[in-house]
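Using the sequences and the accompanying hints, generate a full structural model.
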Amino acid sequence: MSDVTLGLLAFLPIGLSALLLLGLQWPARKAMPAVLAATALLALLVWDMSGQRVAASIIQGLIVTVSVLWIVFGAIFLLNTLKYTGAIQTIRQGFAQVSPDRRVQAIIIAWCFGTFLEGASGFGTPAAIAAPLMVALGFPALAAVMIGMMVQSTPVS
26 MSDVTLGLLA FLPIGLSALL LLGLQWPARK AMPAVLAATA LLALLVWDMS GQRVAASIIQ
86 GLIVTVSVLW IVFGAIFLLN TLKYTGAIQT IRQGFAQVSP DRRVQAIIIA WCFGTFLEGA
146 SGFGTPAAIA APLMVALGFP ALAAVMIGMM VQSTPVS
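Once you know that position 4 of the sequence shown is 29 in the working numbering, the rest is easy, because the numbers rise by one and skip nothing.
Please keep in mind that the hints were generated in silico from the structure rather than gathered at the bench. Note that the Cβ used here is the ideal one computed from N, Cα and C, for glycine as well. Treat the hints loosely; a few may be bogus.
[Unchecked claim] FRET-style restraints, in silico, Cβ to Cβ: (1) S124 to L70: 31 to 41 Å; (2) L94 to G144: 37 to 47 Å; (3) S27 to V97: 21 to 31 Å; (4) A63 to I116: 44 to 54 Å; (5) V91 to R117: 31 to 41 Å; (6) S27 to M175: 49 to 59 Å; (7) V91 to L69: 22 to 32 Å; (8) I39 to L70: 17 to 27 Å; (9) L70 to C137: 44 to 54 Å; (10) A145 to L67: 37 to 47 Å.
Shown next, in the form of structure tokens:
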């Protein structure tokens, strides 16, 4: 096969997931197993991987997924704990006392707190905790996510 054909086949799982999720509006619980099956078939038939290696890769993917979900669960749990105990209001007042300027607050939350989180735990924790915290403090959701993703790579680059 040509390099172009192999490149297109390598892109097939990403394209298929976009088609199923965005184009056909399939729920992820149905689309992702279909994409997994297509990817496993490609690995077996196009790249001649052994069944054992495909199975090992699937298990490795599940292990990585569990670790990411564990971080997301912890971030959501922390955010909900802060909300229900009223700590979000206390944090909001504390940041307002430091500076009324939202840009300064964003820098403190994202770069200072986010850098600490990345150094302490890694694994995408700054984006998983700083962005929801910023949303809870009243920042627009898109801005909070963008800042959270930027701070994700800042401490390690």
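Outcome of the hint check:
One distance hint, 31 to 41 Å for the beta-carbon pair S124 and L70, is violated here, with the actual separation near 59 Å. The hinted window of 37 to 47 Å between L94 and G144 is violated, with their beta carbons roughly 22 Å apart. About 40 Å separates the C-beta atoms of S27 and V97, a value inconsistent with the hinted range of 21 to 31 Å. A hinted range of 44 to 54 Å for the beta carbons of A63 and I116 is consistent with their spacing of about 45 Å.
Between V91 and R117 the C-beta distance comes to about 33 Å, which sits within the given range of 31 to 41 Å. A C-beta distance of roughly 39 Å is found between S27 and M175, which places it outside the suggested range of 49 to 59 Å. Our hint of 22 to 32 Å for V91 and L69 holds, since their Cβ atoms are close to 25 Å apart. At about 18 Å, the CB distance of I39 to L70 agrees with the hint of 17 to 27 Å.
A hinted range of 44 to 54 Å for the beta carbons of L70 and C137 is consistent with their spacing of about 51 Å. The supplied range of 37 to 47 Å is met by A145 and L67, whose beta-carbon atoms lie about 39 Å from each other.
Against the hints set out earlier in the document, violations occur for numbers 1, 2, 3 and 6.
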